[in-house]
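Here the protein sequences line up with chains A and B, keeping their order. Counting from 1, one number per residue, gives the positions in the first sequence under UniProt numbering. Counting from 1, one number per residue, gives the positions in the second sequence under UniProt numbering.
Where hints are given, some of them may not hold.
Which copy? The list can't say, so a pair holds if one copy fits it or any two copies do.
Derived pair list, reagent style SDA-like, types lysine to any residue, alpha-carbon separation capped at 20 Å [what the hints assert, rightly or not]:
| id | residue 1 | residue 2 |
| --- | --- | --- |
| 1 | LYS119 | THR129 |
| 2 | LYS357 | GLY67 |
| 3 | LYS92 | GLN229 |
| 4 | LYS92 | GLU226 |
| 5 | LYS28 | PRO108 |
| 6 | LYS357 | GLU215 |
| 7 | LYS357 | VAL373 |
| 8 | LYS254 | ARG161 |
| 9 | LYS28 | VAL373 |
| 10 | LYS137 | ALA349 |
| 11 | LYS290 | GLY309 |
| 12 | LYS357 | GLU370 |
| 13 | LYS357 | MET68 |
| 14 | LYS357 | ALA340 |
Calculated from the structure, these hints are not laboratory results.
Read off the chains here:
2 protein chains.
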Amino acid sequence: MTEEDVHLFDVLVIGAGAAGVGVGVALKHAGIDNFLILDRYQVGASFERWPEETQFITPSFPTNSIGMLDLNSVAIGVSPAYSLGVEHPTGKEFAAHLCSVAAVFELPVCKDAEVLQVKRFDDCFLVETAEHTLRSKLVIWAAGEFQYPQAKPFPGAELCRHTATIPSYEDLDGDDFIVIGGYESGVDAAYHLSCYDKRVRLIDAGCPWEDETSEPSVALSTFSLERMQAEWFEAQTELIPHCPVSKVLRDGDKYQVHAAGGLLFESRSAPLLAIGFEGSLRLVSDLFEKREDGYPLLSEQDESTVTPGLFLCGPAVRHDHHVFCYIYKYRQRFAVVAKAIATQLGLPAEELENYRKWGMYLDDLSCCGEECVC
Amino acid sequence: MTEEDVHLFDVLVIGAGAAGVGVGVALKHAGIDNFLILDRYQVGASFERWPEETQFITPSFPTNSIGMLDLNSVAIGVSPAYSLGVEHPTGKEFAAHLCSVAAVFELPVCKDAEVLQVKRFDDCFLVETAEHTLRSKLVIWAAGEFQYPQAKPFPGAELCRHTATIPSYEDLDGDDFIVIGGYESGVDAAYHLSCYDKRVRLIDAGCPWEDETSEPSVALSTFSLERMQAEWFEAQTELIPHCPVSKVLRDGDKYQVHAAGGLLFESRSAPLLAIGFEGSLRLVSDLFEKREDGYPLLSEQDESTVTPGLFLCGPAVRHDHHVFCYIYKYRQRFAVVAKAIATQLGLPAEELENYRKWGMYLDDLSCCGEECVC
Chain A
1 MTEEDVHLFD VLVIGAGAAG VGVGVALKHA GIDNFLILDR YQVGASFERW
51 PEETQFITPS FPTNSIGMLD LNSVAIGVSP AYSLGVEHPT GKEFAAHLCS
101 VAAVFELPVC KDAEVLQVKR FDDCFLVETA EHTLRSKLVI WAAGEFQYPQ
151 AKPFPGAELC RHTATIPSYE DLDGDDFIVI GGYESGVDAA YHLSCYDKRV
201 RLIDAGCPWE DETSEPSVAL STFSLERMQA EWFEAQTELI PHCPVSKVLR
251 DGDKYQVHAA GGLLFESRSA PLLAIGFEGS LRLVSDLFEK REDGYPLLSE
301 QDESTVTPGL FLCGPAVRHD HHVFCYIYKY RQRFAVVAKA IATQLGLPAE
351 ELENYRKWGM YLDDLSCCGE ECVC
Chain B
1 MTEEDVHLFD VLVIGAGAAG VGVGVALKHA GIDNFLILDR YQVGASFERW
51 PEETQFITPS FPTNSIGMLD LNSVAIGVSP AYSLGVEHPT GKEFAAHLCS
101 VAAVFELPVC KDAEVLQVKR FDDCFLVETA EHTLRSKLVI WAAGEFQYPQ
151 AKPFPGAELC RHTATIPSYE DLDGDDFIVI GGYESGVDAA YHLSCYDKRV
201 RLIDAGCPWE DETSEPSVAL STFSLERMQA EWFEAQTELI PHCPVSKVLR
251 DGDKYQVHAA GGLLFESRSA PLLAIGFEGS LRLVSDLFEK REDGYPLLSE
301 QDESTVTPGL FLCGPAVRHD HHVFCYIYKY RQRFAVVAKA IATQLGLPAE
351 ELENYRKWGM YLDDLSCCGE ECVC
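Could you build the full structure based on these sequences and the hints that come with them?
Here you go:
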């Protein structure tokens, strides 16, 4: 056993993406120093792997000077609009931003550390990586979703290609694409393919292009809706709503997409799956109770109800019907988690009160869900 | 004297633009009903007159459901991103949004009422329009700037055309333009002209394209910086920094722009002035003390220091070095003014406390001015 192995951390954060970096800064602000952020690759690795063309749907604007956080900031005092000079960062740009945040706040990041197992043992956690077993009083699971695409939604899904595995739409062979899933990533795929003069059929079980709500977790973003109005999108893309896919088959050099009502779509290129992510949570699924919808059941402090000391940060956080996807939503819970942890460690963490005025401390969920009247 | 003339209003708001509509909603929320908003034309008229191509530089996104106001909202519960479905509204689009806000909140707007004079008389104000003299206990000056371009910055400026007077860049005759002023509206002019394949020389006394700050009142917006990277902008536009213009002359069919250091620029089209606005304040300049920089001196409640009962809303509001331009900044003072007025009228205005959690109640200026670290 190496010296490292016997050290007892106060907190281990799993994942150095938006959630891991954001909650890491909050831990620092709470006065916690004895912690480590582990990442399978490095800071922002999942963003780094986004398709080259894919951009954030939420616009960044440097509004720090009026006390309003940039929508895509993971911490107070930073703004990707300022550091990157773009409104809709690409994944690679945002990864660079996260690296600069980690550097400025001197976050203790341990890269190339793939977590294989998290176990509760006596009063602490044992976190196993390929090379070490680390010990910690508390654990924050902040691993992302992007590297864990949802892969088996229907028979034959293994014949399709998930959009998360595409390095660049420009490099895809073929002229004719079927995209299954019409939300943000489906529209993104169709938009870029149509930019490259490909023909696209965009299939969805519902009709996300017409949802009338101002709730951004449900409605398609303005960014995507505007893209759908581009001349080339309209010319190249056929929208096929209310068409649940039942199976995908291969017939010689063609792919067959079978849908409800006996509909059949064929293409020579593998159909693209734009249907979201399973997430990394299965790695720790035994440490959480499950809600009816499969998401982990959490305490009011985002702690596991069956494994005390294990917290969850990121887009998988759910409370009642509140969905915390997108950075500007789940970032509002970083301080809640940091405060709960500081309290367990006996620290006052007064600096975290500052998070409230920045809209970064959401402990009253009653304010959520307000829609627009116009 | 008509019956209307003897009615005593609690408040008259001058101007039904972003400031007038926004503070009007705040008055409603404060429980004030006996008020009227006067506009020379109609709701949003100044935005209606923007050049057709000009868009908001601040991005809209419908974040109401997480308690974060759309950057371009003038009131809680509304979002131009949601009602318009665009990220950077044009002036005409935003005017339509303001009309819908006025309708939803049932604001008492009196259009086609040009205010000629505001006088303090006994314990009330007399507000003269072409047709009526209205009486009111209190007045909010919320008239805009756009219809009052700064016109005489140097000799010969009258030979130039202010960008605020251009209905559409597409319809401008000529192939070769000199734009004087390189901030947002100058870059906007150059961008659209270059889109239409015109050659542009963009002249500024400083070098706004390189200011390194995250303060959006000073730095060029991401929107403009991204436009400057467009292929056609780079191909068609020549940037001429550190070049204060001394005079403009006409020589036959040519315009001559003389600048510091003996530089001379010629064009057949009238030079375009993109140098900001004088504002409407001269109409009531005798009712305010002046700061050293010419802006009106205001109490902590944005009330005139020499004419009690007269309040100011809009982009001309200044406190110390704090500039409240852009809607997302000056909107933070609507509730401050509404609260001061409610207090004078003996109303508790408790509902205004709700403005705080939406970042719409800025009474502590110490939080302002925070820049980004990265």
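Task: Hint numbers contradicted by this structure - done: Hints that this structure does not satisfy do not exist here, as all of them hold.
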